[in-house]
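*Asks:* Here the protein sequences line up with chains A and B, keeping their order.
All residue numbers for the first sequence refer to my numbering, where the first residue is 1 and numbers rise by one.
All residue numbers for the second sequence refer to my numbering, where the first residue is 1001 and numbers rise by one.
Rather than coming from a laboratory, the hints here were simulated on the basis of the structure.
Note that beta-carbon positions come from the ideal geometry of N, C-alpha and C, so glycine has one too.
Accuracy of the hints is not assured; some may be wrong.
[As the list claims (entries may be wrong)] Chain A is faced by these chain B residues, among others (derived, beta-carbon under 10 Å): (1) E1101; (2) F1222; (3) G1291.
[As the list claims (entries may be wrong)] Taking CB as the label site, the calculated pair distances span: (4) B/V1027 with A/Y11: 32 to 42 Å; (5) B/R1299 with A/K171: 32 to 42 Å; (6) A/Y11 with B/S1197: 31 to 41 Å; (7) A/D20 with B/S1197: 42 to 52 Å; (8) B/V1026 with A/G111: 47 to 57 Å; (9) B/G1185 with A/Q120: 52 to 62 Å; (10) B/R1220 with A/N6: 24 to 34 Å; (11) A/L69 with B/I1175: 52 to 62 Å; (12) B/R1299 with A/A68: 15 to 25 Å; (13) B/L1030 with A/P170: 23 to 33 Å; (14) A/G92 with B/I1004: 22 to 32 Å; (15) B/V1181 with A/D137: 37 to 47 Å.
[Claimed, not checked] To spell it out: a stretch of chain A is covered by chain B in this simulated footprint if at least three of its residues, at any positions, have a beta carbon under 8 Å from a beta carbon of chain B; those stretches are: (16) 71 to 78; (17) 202 to 211.
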Amino acid sequence: MIQLYNVHKRYDNGVIALGDVTLRVREGEMVFLTGPSGAGKSTLIRLLLCMERASDGQILIGGRNIHALRDDSVPFLRRNFGVVFQDFRLIGRRSVRENVAIGMEILGLPGKDIERRTAQLLESLGIGYRADALPRDLSGGEAQRVAIARALVNEPAILLCDEPTGNLDPKLSREIVDLLSEVNRRGTTVLVATHDAALIEHYGCRTLTLEGGRLTEDRPRRDATGLEASGLGASAVATADAAAPASGDAFPEAP
Amino acid sequence: MNPIARGLYFVGAALRLMRGSPWLNVVSVLTIAVSLSLCGLFAMAFFNAHTLIRDLGASLTIQVYLADETAPERVHDIEARLRGHEGVRSVRSLSREADRERNRKLLDPALLEGLDEEAIPGQPVLELELDSALASRGDLERMVQWARQIETVESVEDVAFGAERLRLLFAVLEIVQSVGVVLSGVLLASAIFFVFSTVRLAIWSRRDEIEILALMGATRRFIRSPFLIEGALQGLLGAAVAIVAVGLLHLELEGLVRDVYLLNVQPSLLPPGMVMWLLVGGPALGLLASGLSLGRHLRV
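Produce the entire structure from the sequences given, and follow the hints as far as they go.
*Replies:* Shown next, in the form of structure tokens:
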């Protein structure tokens, strides 16, 4: 679903945000991306969203090389993603209902469908009773649920979360990650950037660690017994390396 | 969402933008209205002066007075030479008797009582009617020069050419045109600046929303449309205010033009063509300004 091959990101001031990162996230996986501040977690998410372009290397989303993507095609790539941020980024002057509806307005769906789907989603996330509230009247947990609802409203293939629990207490953080796990169980690929070690330990998902812009560890998911599950994780880096193409769109899918 | 619903969605979004900074929008609309009003007034002044010149030009004649003893062959010769000149529509030859008869009709009959026939002025005259296509002051001056040359022709005693009023009108027209172009340019530039600033402020105040829209897959057109429509709506409102203002002002001026300046001309009130121009020009001005502002300040 997400493949990075020798990705570099250098800024004009000489700072190297990412250096030679190769990784693969398969369809339906839930992966934590961790590391200290400035490790490159947010940069990686920005590259996936084409908010910035990689200086070098190849990035594939669903088998499509986004390095060669034209600017006017970027919006259509982004429709494959739902995005959740630490600071929620809800639009202050719009109600909860309107914040969630934006994604469907962008797609030009009929008003009745937008209304029905928004109501359904807010109910399923337990915030239907706040539909008419403005973001400033929401608690942190409610605001993040609205942000998740907004991210999910168009049923994206991939959910990217950049420190989604950064502004929440431990109990609310668990609730939010439980929610993300539920989303993942329904088939959405979920990538969560976080530096909350306790959370990572608790959920035992596959964890990619970035330090100084380099991928230093790829820890596989633990199964229910607490043992590392096979088939994913560290081996994926090596597999990806072996399969790395020279250029173009014709990347082989993961075995 | 069908195209109409889509369009209405963008208009709604534009109205929300306008509600976000109402005072700035009012200033922009008024600036556009003032600019378009003054442009409209200059255009109307120009249009009316042009109509007046055309009407005067159509009635303009040159009277070439010949010496009494001029032989008929010589009259025909001069007439033939004048007829072939550029800008001359027709030449009418009047004998001394015909000219005297015409003058008699111009005089008060009471004055003519007991007057000797020979006392009424009369001499052979060639009367030239000119083309109304005196497009510029240059055309008129060339005609005046030519009239002076006719005076030097043998057998010609005098030439009368009532070009003074037309010359004055051309001078007025030139001033109206020059001042109008400069002032309209300045005013339109200031209107563009105000709309540009309004849209810039709207972009700045909505930057969080714009970023979210872009991240959720909104196209450039989806993000830009409400801002463009905001500019166009400002222009449309400004044009509507301008049409009303110019209309009212002209109703006031209509009598003044006739009564004070004694011009026997019906001034043209806001012609439909100009209303159309204002209704198209206003939104076009707003679109141009918001487009410039988006190009400069919106990065998605």
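*Asks:* Taking the earlier hints as the rules, which of them does this structure contradict?
*Replies:* 1, 3, 8, 13, 15 and 17
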